[in-house]
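Novice: Modelling step: build the complete structure from the supplied sequences, incorporating the hints.
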Amino acid sequence: MNKKPKIVVNLSVYNSFKNLNKIISDINNSKLNIIKIIIIDNNSENSIKQKLAIIKKIKYLSKIKLKLIINNQNYGFGGSQKILFSLLKNEKFDYLLNLGTSGRYNVKSVLNDVKKNIVSRKDYYLFSRFLMKNSTLKYSKLRVLFNKLFIKITKIITKTYFSDPGQSTYIIKKKIIKKFKKLRINNLTNGSHFPHFFNIKIFKLNLNYDEIPIYWKEGNVKSHLKPISYVFIFLISLFKFSLNQNFFIEKNNKFRFKEYNF
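Going by the numbering used here, the sequence shown opens with residue 333, and the numbers climb by one from there.
Keep in mind that the hints were calculated from the coordinates and are not lab data.
A quick note: this is a predicted structure, and the numbers were derived from the prediction, not measured.
Just so you know, not all the hints are guaranteed correct.
Stated by the list, open to error - Straight-line alpha carbon distances no greater than 30 Å define the calculated BS3-like cross-link-like pairs of lysine-lysine that follow:
| # | residue 1 | residue 2 |
| --- | --- | --- |
| 1 | K397 | K383 |
| 2 | K454 | K368 |
| 3 | K447 | K350 |
| 4 | K388 | K354 |
| 5 | K391 | K421 |
Specialist: Written out as structure tokens, the structure is:
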């Protein structure tokens, strides 16, 4: 009988500490073999004292090991992901489950989908907003339109075919994370474009993957994405990729953070 795979969960936080109690409660009740939760705070506005108090209260009700990382400054989503990957080098696990905390989807439903799909033991599972027509009924129609346009452009220029390459909710095997140095993941942007470029790189590995539908909504944490500059950088980056299979190189990869274990 196969043992349940060991899972490390990452929770990316930016001004969304208010959602952690419910999310971690869902994780505790998921019946998945989750051995550790890593919370990476990208310099939220709460004081360190407030952040520690929230996590201590959560830990009181949780049997799972918790690690809190507080970035010294806002390193962007990509920066936080790179910090995560560096922390995982010495961890013993089978899969990483990457979750958001901004309230844009039902974490309990995602965990149920993880439980159903992970038995197939694929290398990579990407949650997609665009596998089903009704998945984005509670999401901005304008954002849906732009996302679908970005996806079409991505398919044409990069010849990658994830249905939602800008998505950051995923499950990935540890053996794939070990290939990140070869993929030059640290060269990718620290900013909000990271998931899109990350998934293009992942697709090029010809992995055994699957996509899982996810229901998307606006959430209760304001997006800090700047639409005009995002689109411009996105298009220029894809054009560069079409020329040499690489994006612009990120030079700022020296991250400082505080680490707390509970």
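Novice: Confirm or reject each hint.
Specialist: Right, here's what the structure says about each hint:
1. K397 / K383: 17 Å, holds
2. K454 / K368: 21 Å, holds
3. K447 / K350: Roughly 26 Å separates the two Cα atoms, so the pair holds.
4. K388 / K354: 14 Å, holds
5. K391 / K421: Given pair K391, K421 holds - Cα atoms ~24 Å apart, limit 30 Å.
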